[in-house]
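Given chain A, work out where chain B should sit, using these hints.
Going down the list, the protein sequences come from chains A and B. Residue numbers in the first sequence follow numbering that gives the first Met the number 0, run continuously in steps of one, and reach 282 at the last position. Residue numbers in the second sequence follow numbering that gives the first Met the number 0, run continuously in steps of one, and reach 282 at the last position.
Accuracy of the hints is not assured; some may be wrong.
[As the list claims (entries may be wrong)] With a cut-off of at most 30 angstroms between alpha-carbon atoms, the simulated DSS-like pairs for lysine-lysine come out as follows:
id: 1; chain 1: B; residue 1: Lys68; chain 2: A; residue 2: Lys72
id: 2; chain 1: A; residue 1: Lys72; chain 2: B; residue 2: Lys72
id: 3; chain 1: A; residue 1: Lys68; chain 2: B; residue 2: Lys68
id: 4; chain 1: B; residue 1: Lys15; chain 2: B; residue 2: Lys79
id: 5; chain 1: A; residue 1: Lys72; chain 2: A; residue 2: Lys13
id: 6; chain 1: B; residue 1: Lys72; chain 2: A; residue 2: Lys68
id: 7; chain 1: B; residue 1: Lys46; chain 2: B; residue 2: Lys13
id: 8; chain 1: A; residue 1: Lys253; chain 2: A; residue 2: Lys15
id: 9; chain 1: B; residue 1: Lys68; chain 2: B; residue 2: Lys79
id: 10; chain 1: A; residue 1: Lys68; chain 2: B; residue 2: Lys79
id: 11; chain 1: B; residue 1: Lys72; chain 2: B; residue 2: Lys15
id: 12; chain 1: A; residue 1: Lys253; chain 2: A; residue 2: Lys72
id: 13; chain 1: A; residue 1: Lys200; chain 2: A; residue 2: Lys15
id: 14; chain 1: A; residue 1: Lys200; chain 2: A; residue 2: Lys13
id: 15; chain 1: B; residue 1: Lys46; chain 2: B; residue 2: Lys15
id: 16; chain 1: B; residue 1: Lys68; chain 2: A; residue 2: Lys79
id: 17; chain 1: A; residue 1: Lys68; chain 2: A; residue 2: Lys46
[Unchecked claim] Residues of chain B clear of chain A, computed beta-carbon distances all greater than 10 angstroms:
id: 18; residue: Thr2
id: 19; residue: Asp33
id: 20; residue: Ala40
id: 21; residue: His76
id: 22; residue: Lys79
id: 23; residue: Asp113
id: 24; residue: Gln131
id: 25; residue: His132
id: 26; residue: Asp192
id: 27; residue: Glu219
id: 28; residue: Lys246
The set of hints was computed from the structure by calculation and includes no laboratory data. Keep in mind it's a predicted model, so treat the numbers as computed, not measured. Heads up, the beta-carbon is just placed ideally off N, CA and C, and yes, glycines get one too.
2 protein chains.
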Amino acid sequence: MQTMFERLDAAAAKMKSFVCVGLDPTPARVPIDDILAFNCAIVDATKDVVSAFKPQFAFYEAMGVDGFKILEKTIQHIRKVAPDHVIIGDGKRGDISTTATAYATAMFEIWDVDVATIYAYQGSDSVEPFLQHPGKGVYIVCRTSNPSSRDIQDLVTEGPSGREKVFNRVAAMADRWARTENVGLVVGATYPDDLAALRAKHPEPHFLIPGVGAQGGVAEDARAGANEYGSGFLVSSSRGIIYASDKPEDFEYKARVAATVLRDQINDSLAPDVLDTQSVTIR
Amino acid sequence: MQTMFERLDAAAAKMKSFVCVGLDPTPARVPIDDILAFNCAIVDATKDVVSAFKPQFAFYEAMGVDGFKILEKTIQHIRKVAPDHVIIGDGKRGDISTTATAYATAMFEIWDVDVATIYAYQGSDSVEPFLQHPGKGVYIVCRTSNPSSRDIQDLVTEGPSGREKVFNRVAAMADRWARTENVGLVVGATYPDDLAALRAKHPEPHFLIPGVGAQGGVAEDARAGANEYGSGFLVSSSRGIIYASDKPEDFEYKARVAATVLRDQINDSLAPDVLDTQSVTIR
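In isolation and in its complexed conformation, chain A is listed as follows (with noise of 0.2 angstroms):
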């Protein structure tokens, strides 16, 4: 069976593209009345030219029961479309024991997603639940994009190899898994020093990279979380490409220009040598 990594690697190689969509809708900003519709239109226009789909749960659970039967619906409807790529269940669960365990069989089981993103604030107990799903992953919360993830991330610890940061200490807690190879790291774009730093230190793990366009970071800083085969990484990016425009005539137009930048200045930063690009035709 193939590991999370492999398929996700796999998934890139074949679309020529490290690019992740996030599902992210908001009934206030999304440009027509229904939300599984936009979805869908969203996949559709945009799943020529990335690798992944990312939903963040708390858009669904903001609309209640009926959010969550469009979550479903959407996952479905990638899974029919696009059967190689890989879906992120962004929901960022993070519990011990019977509880991590329920959280898993949602992620994996009810909502057939192939990676959860996870807390690892409560130790291995809470990661080693959501291992036991052979073919899945999850990524660990480890270095976000946004200003204030310096309160706790950046706290200096005194560790075996030294002084090191708290994200650290959580990304060497991560490579407890490495060699089962279901266990990515979130890290965000908008830091790129550390993004590097990671990366140097830790070649095994796919990282899951956020904070493109809307959050600051740039596509080119994106480049220092590929691994040494110029892969192992996914840019995530949400409102910058599902809100591109916020007319319901050219909404799935403007979305697949924007994934389709982005792809390109992802590959155009990688060495020529590690991705074959071909431009993809935009209708």
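Positioned in the frame of chain A, the structure of chain B alone reads:
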């Protein structure tokens, strides 16, 4: 308008109980077929001897869309039969910006809970959106009850007050909002020394104390979480109450007994002038 803390303390004073029942139903363990009926029966059987209920969202999510319908109806039932009781939405959400706003909307407007549990790993950005709901509150996950909580929470940092563990820094961060009286802490009963030290240093925040019962904490240890007035805390127990019996014919009675015993253990361990404890008849 009452603050969250005032509401919590008023409920505890009225019920003469600091017990919070964790509503964590797993179909495999619930002794009757109807999960909603089970939840309602537990609420009805225990409401006279507790002051709060805490649905753990993972267990509902593991049942998919139908699970969230059960959650919705369970909360409606609590509002109907126990309108003064506090409802804690235990989802341990944690995100930033519009995502955190969406989670806060979900918790306080969609699910109608009074207090949400959250992570502050992403810093103040992940707390502030939850504070935009007057009369609602949050418990920040600080010092958890599980063995591997040491992995990250016990890391020693260099702070303004000298060497402090990460969980102390999380608690110090929560003090920023102590004046708004909307921010409490989750502090497990299984590390009673840490619980006592946290209370000594942080007299103001409300504490949610899990870990009593199935996780090995004892009720007497939870007394360390009381503030100078003998209140300011809730002791949460889930499996020890809801699964006190695995038989359809007596699970309600046994749940009530377990909740009553826990209530009395906590009250007996408090100074006698704090609470005029009065034994509640067990039917």
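The hints, checked one at a time:
{"no.": "1", "hint": "Lys68/B <-> Lys72/A", "verdict": "holds (17 angstroms)"}
{"no.": "2", "hint": "Lys72/A <-> Lys72/B", "verdict": "holds (23 angstroms)"}
{"no.": "3", "hint": "Lys68/A <-> Lys68/B", "verdict": "holds (11 angstroms)"}
{"no.": "4", "hint": "Lys15/B <-> Lys79/B", "verdict": "holds (20 angstroms)"}
{"no.": "5", "hint": "Lys72/A <-> Lys13/A", "verdict": "holds (25 angstroms)"}
{"no.": "6", "hint": "Lys72/B <-> Lys68/A", "verdict": "holds (17 angstroms)"}
{"no.": "7", "hint": "Lys46/B <-> Lys13/B", "verdict": "holds (12 angstroms)"}
{"no.": "8", "hint": "Lys253/A <-> Lys15/A", "verdict": "holds (20 angstroms)"}
{"no.": "9", "hint": "Lys68/B <-> Lys79/B", "verdict": "holds (17 angstroms)"}
{"no.": "10", "hint": "Lys68/A <-> Lys79/B", "verdict": "holds (27 angstroms)"}
{"no.": "11", "hint": "Lys72/B <-> Lys15/B", "verdict": "holds (27 angstroms)"}
{"no.": "12", "hint": "Lys253/A <-> Lys72/A", "verdict": "holds (23 angstroms)"}
{"no.": "13", "hint": "Lys200/A <-> Lys15/A", "verdict": "holds (26 angstroms)"}
{"no.": "14", "hint": "Lys200/A <-> Lys13/A", "verdict": "holds (28 angstroms)"}
{"no.": "15", "hint": "Lys46/B <-> Lys15/B", "verdict": "holds (12 angstroms)"}
{"no.": "16", "hint": "Lys68/B <-> Lys79/A", "verdict": "holds (27 angstroms)"}
{"no.": "17", "hint": "Lys68/A <-> Lys46/A", "verdict": "holds (22 angstroms)"}
{"no.": "18", "hint": "Thr2", "verdict": "holds (24 angstroms)"}
{"no.": "19", "hint": "Asp33", "verdict": "holds (18 angstroms)"}
{"no.": "20", "hint": "Ala40", "verdict": "holds (21 angstroms)"}
{"no.": "21", "hint": "His76", "verdict": "holds (16 angstroms)"}
{"no.": "22", "hint": "Lys79", "verdict": "holds (19 angstroms)"}
{"no.": "23", "hint": "Asp113", "verdict": "holds (17 angstroms)"}
{"no.": "24", "hint": "Gln131", "verdict": "holds (14 angstroms)"}
{"no.": "25", "hint": "His132", "verdict": "holds (13 angstroms)"}
{"no.": "26", "hint": "Asp192", "verdict": "holds (18 angstroms)"}
{"no.": "27", "hint": "Glu219", "verdict": "holds (23 angstroms)"}
{"no.": "28", "hint": "Lys246", "verdict": "holds (20 angstroms)"}
The structure agrees with every numbered hint stated previously.
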